[in-house]
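The chain contents come next:
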Amino acid sequence: MENSPNYLDPRILASLQGLDLQARLVVEGYVSGLHKSPYHGFSVEFAEHREYVPGDDIRHVDWKVWSKTDKYYLKQYEEETNLLTYLLLDTSESMAYASEGNVTKLQYAQYVAAALAYMVLQQQDSIGLATFDEKVNRYLRPSGQPSHLKELFHLMDVTPAGEKSDLGLIFNDLAERFKKRGIVVILSDLFDDPARIISGLRHFRHRRHEVIVFHILDPAEIDFPFRSTTLFKGLEGLPDILTEPHALRKAYQDELGNFLAELKKGCQMVDIDYVPLRTDLDLDGALSSYLASRAMRVR
Amino acid sequence: MLPPLLFAAVFANPFLLWGLAGASLPIIIHLLNKRKFREERWAAMRFLMAAMRKNQKRVKVEQWLLLAVRTLIIILVAMAMAKPLLESLGVIDILRGQRRHWVLVLDGSMSMDYRPNDTPRFDQAKDIARRLVKDARQGDALSLVVMGDPPKVIIGAPAFNKEQVLSELDAVTLPHGGTDLTATFRKIDEVLEASTIPRKEVVFLTDLQTASWRRPNLKGNDDGLKTILAKLEAKKAQSQVIDLGAPGGKNRAVIDLTLDPPIVTMNTPVVAKATIKNFSRDPSGTFTVQLFLGDQHADERTMSLGAGAVETIAIPFKFTSPGTTPVIVKLPDDALRIDDSRRVVASVREAINVLIVDGDPKREVFRSESDFLVQALSPDADAAPSATSDPENPPSAIKTQVVPESQLARQDLAPFDAVVLCNVASVSEAEVRALDSYLKQGGGVIVFGGDRVQADNYNRWLFADGKGILPAKIGAIVGDPAKSEAAFTFDPLGFKHPLVADFAGQSAGVQASLTGVKTFRFHKLTRPKDSAAKVAIAFAENSDPAVIEAPRHRGRVIQVATSADRDWTSWPLHQSYPPVMEQMILLAASGRFEERNVRVGQPLSQSFPPTAAGADVLVKRPGTGPVANTKLKAAGDVSQLLYEETDRSGVYSVDVGPPPPFKTAFAANPDPIESDPEKLDQAGLKAAVPGWKFLYDSDWRGLDKSAASVGQRGEFHRPMLWAVLILLIVESLLAWRFGHHR
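Sequences listed follow chains B and D, in order. In terms of numbering that gives the first Met the number 0, the first sequence opens at residue 0 and continues consecutively. In terms of numbering that gives the first Met the number 0, the second sequence opens at residue 0 and continues consecutively.
Be aware that a few hints might be false.
To be verified - Heads up, incomplete: computed chain B residues facing chain D, CB under 7 Å, no partners named: (1) S93; (2) L237; (3) A246; (4) E254.
FYI, nobody ran anything at the bench for these hints, they're computed from the structure. Each residue gets a CB set at the ideal place from its N, CA and C atoms; glycine is no exception.
Can you build the whole structure from these sequences, using the hints too?
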């Protein structure tokens, strides 16, 4: 295993086909390294075995035990009811950006979403998905069925288009739709007015959802490494700008820094996990954050 | 009227201003950069837009600033390469006028050959002049004058071609003469007069030798010099003196050389008298004085001189062959070499030829008018012992030829060194013309009186109211031979005249041989007023002249009041007669010999019979100098050799003809005054040339600096290059700051 590729690296993952495989590799890669992880013990909430009595749902029979002992036992879990996880995937045009050598922000978001979905369903929890750009495009109700995974992956696999109109509105809309409490995982570059974003997020909190914001940015968007004269072509309907990037680098980074700081501060105020992600970093950060959040939710 | 320009400049290399086109390069690059860009689809546009909004102005300013700095760098480099020359800066007039006319004046006096090390000062002056020429700006005019006596204008008309000026400058050689300040300033004024360029600069490159700048003859010309200085001042010519000299120079020179006797014949003892002066403030130490006859070393002496001492050294020798022979005295080389040798050209004859025209020939011995004279001059003719024939002082080899009066007209006078008329009754106009032509060729004429002399004829043709050959008018005959007790005696007038100078300081007996002469009759001789003629001997009783000597043309005339024989005087019987007659011949003939020795700068001239006019003349200059060709020119009743380019000291050999084939030589010697190394300082120069405004610069050793200070006023390409360097640093800093820290 030493020489096996690190499937937590998004660039390696990008070379593989199919979100299901990619998701599985990420999670397996992540779990195999868990013994070093501070989140050890939170993966499975199996409670005990109980002997089968007629009338029990045969779906809960532990066939592995039967194959070894020739006796029917049922698996019993600490909480029978599903934990709900809502994945909110930003598919707007800005998510299509990728600097040289990196995956697009959307791809990265998809990996994270797929891995989370896989992991959640492995844990017998329910997971739903909403994709949005200027509005909520698709919505898949949460379900704990393993077959749900395929649908999820199919739904995630979209090409980015459209512009973000108002994230606040979209979040408010979704907060209304999610009737049952759960974990809301937002995967977006959040390129919108931070005040409106925070107000939308606050709505989730108001509905007593746990919220994790995975703020996905390309390294170029953070470092602004351009030197020569560049024509920046605006996505999402923004105008083009021809400029000397080196002359604006500091000012740009100041602007971005202010934006990030405002977002982070807003999230902290309403007790939201704010996780900045760079598309050139491994995926485990995202998974760890999710698991930590889930653990808090379960208790 | 146009307002004054804020900044007016011209360029030494204006064609290099094409480089200014390069200033558009940064702008073009900037524009190309604007056209050539990469495209980036950009998501985080809102931040970029915000940054743009807030910083657009600053970015623009920075871009323009960088662009301006880069453009300025190229402009400055291009302008610096074109060598700009600032002419005015606002109201401060830096150069006045656009171009300048440089007159470079090289001191061409002999002292400029002084070598403090191995390089003569004249070469140093040429080096600085070369530097000045090279540093002259485009459009500047140049002239070149050598300060000398006479001054030489090498380039008069303003020259613009530097190469031509440099090649002329290379060809200039140092004359060995002195300087004529007034003439030099006059030449400078003439050169400036010819130029239309308003800005005039005169640069003197001189050792400021006192003798060159403070001539004793300046007093006479002072007014002339003042006038010219005023003219220069009126032309607004700026003078600058670059002082190449240094005080305390050492020099030793032969300042005079004579031969005694001046007219030399073969195998007669001659004494070369060389006067040597030590111009230094220290004793000279022992040195050798060498005597050369032509190329041959003849003799040498050692001597030493105290500080400032002058001594004459006598070296006896004999000429063993006839012909023109240079006699040269040489000292060991010192810092100033030209005056370490001096030479005279001696025309050595086998004999001195004298033509005696006898106006009263007789067959009997000692009855003819000329018999005593012939006997006195050529005692060897009949081997009779003579009073002067002692071994220490053998008689001069004088050869006489006696002709009767009738032969004079037909006689060719050229082979003779002197012609003596003894009691010749009358002369024709043609004879007078022949005699005058003969005098022009340096010959000597001696005229004795006598009973046959027709005073009217003499006064008409020979005296000609003071314009003729004779220095005195012939009056009535004084005295009576019958009354010997009433005879007149000679007054030698203190033995001052060379004719009788040998008697000075002699015993009374010897002197009595002259003063005891009794003269019974003589012509009363009357000199015109203001006559240059000198009385050698007078009559004691009435102070009438007995012997008169006067120069005429190149020759000399001696007029004797009494007869050559004993008809009128007892002189031929006295012991004083032969030596005085001999002196008379030598003195009369000296004109033929004197003209061979000139001072540097004086022309070489000699007269030949009129028939020789048009003959070719070849002058070989001293050293390895070029050979000059000229021709004899007809000038009245003679044909004349005239060669004026005697700017170097040494022996000039001259070949005339054929016809007639004739070889001679001349010696040119430097003016001893030029040997004195004493020099003026700035204050001294001011005092020596009063009223002259000049800039003074003695720091010639920093040749570049000095030349620069003269020639580069107003140049500012160096500050420009410094500015470029600073701008390059500023550009790097700005680019770094704008590029990395924003």
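For each hint, the structure was consulted:
1. S93: 4 Å, holds
2. L237: With a minimum Cβ separation of about 4 Å from chain D (threshold 7 Å), the hint on L237 (chain B) holds.
3. A246: Check passed: Cβ of A246 (chain B) comes within 4 Å of chain D, closer than 7 Å.
4. E254: Hint on E254 (chain B): holds, closest Cβ of chain D at ~4 Å, below 7 Å.
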